[in-house]
Structures are given as C-alpha cells and as structure tokens.
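Undergrad: Sequence:
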Amino acid sequence: MNQVHKCGTVALLGEPNAGKSSLVNALVADLVAISAPMAGTTRDAIRGILNTKQSQIIFVDTPGMQRATNLLEHKMNRMISGAVKSADVICFVLDVNHVTEKTLSKLANYESFGVPVVVVVSKIDTAKPAKLFPVLEQLKKYQFVKEFVPVSAVKKIGLDTLINCLENYLPEGEPIYDDALYTDSNERTMAAEIIREAIINQLRDEVPTGVKVVITKFETVQRTINIDADIVCDKPNHKKIIIGNQGRLIRAIGITARQKLEELLGQHVMLHTYVIVREGWRDQTKWLQD
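Numbering (my numbering), first residue to last: 2 to 291.
Honestly, the hints are just simulated from the structure, not real lab data. Everything numeric in this text was worked out from a predicted model, so none of it was measured. Every residue gets a Cβ at the ideal spot worked out from N, C-alpha and C, and that includes glycine. A couple of the hints might just be wrong.
[Stated by the list, open to error] For each label pair, taking beta carbons as the anchor points, the in silico distance ranges come out as:
1. Thr-53 with Asn-187: 23 to 31 Å
2. Thr-104 with Ile-242: 29 to 37 Å
3. Leu-105 with Thr-221: 46 to 54 Å
4. Gln-223 with Leu-105: 23 to 31 Å
5. Asp-284 with Asn-98: 45 to 53 Å
6. Ala-181 with Tyr-275: 29 to 37 Å
7. Asp-284 with Thr-162: 20 to 28 Å
8. Thr-101 with Glu-263: 51 to 59 Å
Turn these sequences into a full structure, and let the hints steer you where they fit.
TA: Have a look at this one:
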C-alpha cells in the first residue's frame, strides 16, 4: 500500500520572546529565523521547511503579538493575521515562565478559526517540574486545543513528539517546496537578518527595535562574497551607540555577522557596514516595502 503523503502550513503564534524563532530553527535544524533574548526580534513572516518521510511541514514564524504604535508594527500584526488565515494548523507557543491570563486570553481567540490548535509550552529546560505541571493543568480548560506539547529548543527536548503531533493534523498533499530547501528566504534577506541579529545581541536594549538593515550590494568576486549593508537607525544618538567608542561596537557587530554569514554561505565574506540615520523610518511606507 502506498504511504499517504501530507503537506501543510503551521503558523507559530505567541507573545514576543516566547521562543518561536528558536523553535523553528531547532525543528528545521538550520538557521531560518534570527533569535535574541528580547521582544520584537522577528519582523516578517519567515518560513522554515521540514521534510520527513511522510510529510512536508512549512513553519511560518510570525512576529510576537503586540499593540501597534507605528506603521512597522501594524505591518507585523497584518502578517500575523495573514499567517493565521492561510494555516492548516495553529501552533501557539507559550513560555513556561511567563504564562499570564492576558496571554491565555489571546489563545482563546483561536477557538473559532476552524483549524486545529496545538499549544507548545516552550523553554521547559529553564523550569522545574513543579512549575511546568501547574501550567499544563491550567491549560486543560481550553478544550478546543488538540494537544499540549512541552519542548525545549535549546536542549532538543520534545521536538520529535511535536513533529509527530503536527503531522496528525496536516492535510494530504504533495510537497510544495523542493526537499533540499529549508527556507524560502533568499540569501540577501538572510544576510540582512544575520546582521540585525548581531546588532540586537551586541546592544540588547540600548537600541531597541529602531534598527533596519538594508543590503545594498551582494556579489561574488573570485570566490569572495562582497556584502555592503546600511544599518538604518531612528535617532542620531542611536548611531553613536551602534558605532561605539572608537568604533569598537560596529567592529564587533561586523565580526560576529561575518562569521555567521560565512558559515551560512560556505564562502569567504567581505562585509562592509554603514550606519545611517533616517528619523521616523518605522512610520514611512518606503522603508517597509521590502
């Protein structure tokens, strides 16, 4: 008997910093979405593709849910809505350390969407069983949720259980993407995100979400990839912070990003970064179009 093949889209939803990006990277076993220990890291709906013997699972990593205060955040919220409407399965990610009534009220909103909902309780490696069990008990009242799966992306705990769980709810269908692909993002997009990740991890809360990276050159010359990137910030004082005393921070950002880019691209990378100020860019449509 021929084995039935399944293919479908799983929308990863949840609060900012719930662990969605780390989870999709762990599931796909490659860099798909940047991750950092602060809210607002993910800005776009990024697809990670996992191929198993019986399925192709297309994970859509979405920005964290938040109240929009500018055009960028409105765009991010529209991406969440779009991901939900096109999903075959909703995967709601809860940080085991930050389960609140407000978060659970957002989970309740998905009862009426007509697609299976699976709750992932993430970061269980950071919590003792005494903390995890009450969370699982609290979730039992949400009877529309198909399954609850505790996981740790860092320790690779529960990932196979989650994959098997999601496969149960996928529709039958042939693969959409080539089985060699692990993301639908192109190399320029990945380069911009890797540089932004290096900025976030280097600066943390000093320059919060007011940074965008634009790749202005991406070309290969004699087995070296030359990348020029504009780091666009919101305020003049942010530029000073990003550059750092005698350029120390921008050099550290460049070194970290270049190493990760070389690992991703498998070639020598020559990276040049330029910090520019565009005040109010998060409310200017032209900066939000790519």
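Undergrad: Of all the hints given earlier, name the ones this structure violates by number, lowest first.
TA: As far as the earlier hints go, 4, 5, 7 and 8 are violated by this structure, in ascending order.
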